[in-house]
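A.B. asks: Listed below are the residues making up each chain.
There are 2 protein chains.
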Amino acid sequence: MNACGLIVEYNPFHNGHYYHLEQSKQATNSDCMIAVMSGNFLQRGEPAITDKFHRARVAVQQGVDIVVELPFIYAVQNSDLFARGAVSILAALGVKSLCFGSESGQINDFINAYKLFQNKQERYKLELKKQLSYGISFPEASRQAYQAIGLTQGSIDLSQPNNILGFSYLKSIYQNNFSIRPMTIKRTKNNYHDKEIKNEIASATSIRKELVAYNKVTTLAKEALPSKMIEGLDEYKQYSGLWHHWEHYFNILQYRVLTMTEAELRQVHGVDEGLEYRLKRTASKATSFDSWMNDVKTKRYTWTRLQRMFAHILVNTKKESIVSLTEEKLPYIRLLAMTDKGQAYLNQIKKSMEIPIITGLKNGRHQISAIESQASYAYYSVVSPIQRRKLYKQELNPPYILNKRS
Amino acid sequence: MNACGLIVEYNPFHNGHYYHLEQSKQATNSDCMIAVMSGNFLQRGEPAITDKFHRARVAVQQGVDIVVELPFIYAVQNSDLFARGAVSILAALGVKSLCFGSESGQINDFINAYKLFQNKQERYKLELKKQLSYGISFPEASRQAYQAIGLTQGSIDLSQPNNILGFSYLKSIYQNNFSIRPMTIKRTKNNYHDKEIKNEIASATSIRKELVAYNKVTTLAKEALPSKMIEGLDEYKQYSGLWHHWEHYFNILQYRVLTMTEAELRQVHGVDEGLEYRLKRTASKATSFDSWMNDVKTKRYTWTRLQRMFAHILVNTKKESIVSLTEEKLPYIRLLAMTDKGQAYLNQIKKSMEIPIITGLKNGRHQISAIESQASYAYYSVVSPIQRRKLYKQELNPPYILNKRS
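These protein sequence lines map, in sequence, to chains A and B. Counted from 1, the first sequence has number 463 at position 104 by my numbering; the numbering is strictly sequential. Counted from 1, the second sequence has number 619 at position 260 by my numbering; the numbering is strictly sequential.
Any given hint could turn out to be false.
Identical chains share a label here; the pair holds if one copy fits it or two copies do between them.
Only pairs whose alpha carbons sit at most 27 Å apart, straight line, appear in this in silico DSS-like list of lysine-lysine [unchecked claim]:
#: 1; residue 1: Lys474; residue 2: Lys763
#: 2; residue 1: Lys763; residue 2: Lys700
#: 3; residue 1: Lys484; residue 2: Lys677
#: 4; residue 1: Lys752; residue 2: Lys639
#: 5; residue 1: Lys488; residue 2: Lys721
#: 6; residue 1: Lys384; residue 2: Lys455
#: 7; residue 1: Lys677; residue 2: Lys644
#: 8; residue 1: Lys656; residue 2: Lys749
#: 9; residue 1: Lys581; residue 2: Lys488
None of these hints come from the bench; they were simulated from the model.
Construct the entire structure; sequences and hints are all you get.
C.D. replies: Structural data, given as structure tokens:
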């Protein structure tokens, strides 16, 4: 079988994802679609609206053959680390191609940009450092540095979120000499951050806004979601009592920051450049997550970066562990859901794989499992005690298998 | 003025406390009654039913002249450390006597017991170590060790909770050569742990049980409480939405334990002898504080000791800080409430005092203030965000002053 890789969050799985899936299948001529999906916390530093098990299940119901988890230590990171984790997993799973959505839509633009970047990496790094020293945010500094080495002019726009991610995927493929062919599909209609649903191919952000604001699947949201996802959303809320978002975690986060010393906060991944003082100073006045974020925010930090920092405070991930773990080889790949076809593909490649596939989390296996477990408990901490216990048990259960032949 | 010291929790202030206060005043012939009161967390390792400010206010309304706070690092400790903190504060405030309630009621029995203990301290320590090695709880091991040196036979019963505390007060007075005269009043009628209110002089435990079970001041509870305390309880609940007890903190505690590594748990004061593994193992199954406690409990640990451990996990107090801070001299005494007479007394002794009196918590003053602040935030973490902010502000405000003359 010929496998194609996708790097996704499915938060939630919507028509745009379905469109991307079908396009990728055709463009790469693949008969097995493998998605590396962020777990309960996402790259933009947010808790996912429903847990990873429910999102993975809908993904295979919609046509993905295998869903594996991107570990927390890679998922809640800047684009380069996120890409490094996701691309290595796809490489280990033997995919022939990786197909990503981008604002550009032209893979040659990415390839040319990479060649240019490769030759001028040193200049880029120097320029980036200089820009950061002015106190501006990383994405803005990075954009300036790309511009300084001649990128963005007539090439891909590296200030667009999906172009940034795509470029990180390419860097990861080429720098590791993976035999994966990168391909890209133009993201259509709505932009990444659009907050209002405009049509049947809406962005995940706009759908989430709609769901959270009305606390139900509105008619407008229904137009953007496949029926299985609507069922999945309703079922999850009925079971857990809520769709997760940051405001649910405000109490715990505020409690944490106010019962930690500055020195303890500084040990948490993402708490850099004196943010520990800013956090303590603003915490006691905050009465909601949103108001707190607005108090912490300055032009130096993007909203996304601060959200990621809060996710690491919540999960209690230390700088020390993140650095050592992301430098090691992945100890395992966690399977979340698959179709029978996906299962056949895994059986086919199993023997030649260097990294074992696991089907359930076992404590004490590896420090990465311990962090996965912390992330999962932190995520479910806002659910009632009895449901929390049941939801956590999914971590220990075998993955969901959709039998298409029967 | 002639001052007498009391060591109390007032959780809540009830008729028994009033009786003890009046008896102490008469017995010691004092015209200024000074109470050292535990803050928001108590010696038995529980959150107080209402915050320290509300309890201190009622205490002065009922006849106490000065209420000062026993810092968290001394309050949530075994009887010896609890006594060391409380007695040094009373000594610094120049009290002539200390009057405590006990099951014995005979001060000479305590004094004789201390003399015997002083001569056989080494034997006591050896015996205690031996008994503890059998895996029994500290109070039981201590009772056996006292028996081995000849205490408890015809003397005070050192397995009774108030006798144990009283004996710790005496040790602290004599070992530090404080010129404080110890006195004791027999605790009448109800025993310390009785859980059912029996009459107008009921125990704090039985009153709390009653209040929490019915979530209101029942007719039975009313009989045991002065009217000012009833008002205080009602007012606090109206303002904060609740009377604090451990079940309110279950979510946060479980979240904490499940997002900490064993090594991190081991750094917390009270997490000893492999309790970190027991905590982690039992945490994921727990659905309430009570069920969790029952799962952690063995004959080696008393309920009280485990509750204290949970309080330190909640407040995030590390072994390291506790050890260094309790070895240092107290940096300040925190005033919570006073009458005009109390104020006059403080003005009289101020110049000769070695430790400054502070009237509000200021951040960054001392590591003890940082821990007080953590304890306070942890305590209010179960209140709604806006009320929490208002309640915490009391930490920064001047103390309540009751002007009796006007």
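A.B. asks: Run every hint past the structure and note whether it holds.
C.D. replies: Quick rundown of the hints versus the structure:
Taking identical chains as interchangeable, the C-alpha atoms of Lys474 and Lys763 are never at most 27 Å apart, the minima being 43 Å within one chain and 84 Å between chains. For a Cα distance limit of 27 Å, the shortest separation of Lys763 from Lys700 inside one copy, 8 Å, qualifies, whereas the shortest one across copies, 84 Å, does not. Proximity of Lys484 and Lys677 under a CA criterion of 27 Å is satisfied intra-copy only: 26 Å inside one chain copy versus 41 Å between copies. For the homomeric pair Lys752 and Lys639, the shortest alpha-carbon distance between copies (15 Å) is at most 27 Å, but the shortest distance inside one copy (35 Å) is not.
In this assembly of identical chains, the alpha carbons of Lys488 and Lys721 never lie at most 27 Å apart, being 42 Å within a copy and 39 Å across copies at closest. In this assembly of identical chains, Lys384 and Lys455 lie within 27 Å of each other by CA distance solely inside one copy; the values are 12 Å within and 88 Å between copies. In this homomeric assembly, Lys677 and Lys644 come within 27 Å of each other (Cα to Cα) both inside a single copy, at 26 Å, and across copies, at 26 Å. When the C-alpha separation of Lys656 and Lys749 is checked against a cutoff of 27 Å, the pair qualifies only between copies, where the shortest distance is 24 Å, while the shortest distance within a copy is 37 Å.
Taking the shortest alpha-carbon separations for Lys581 and Lys488, neither the intra-copy value of 45 Å nor the inter-copy value of 69 Å comes in at or below 27 Å.
The structure is inconsistent with the numbered hints 1, 5 and 9, although it conforms to all the rest.
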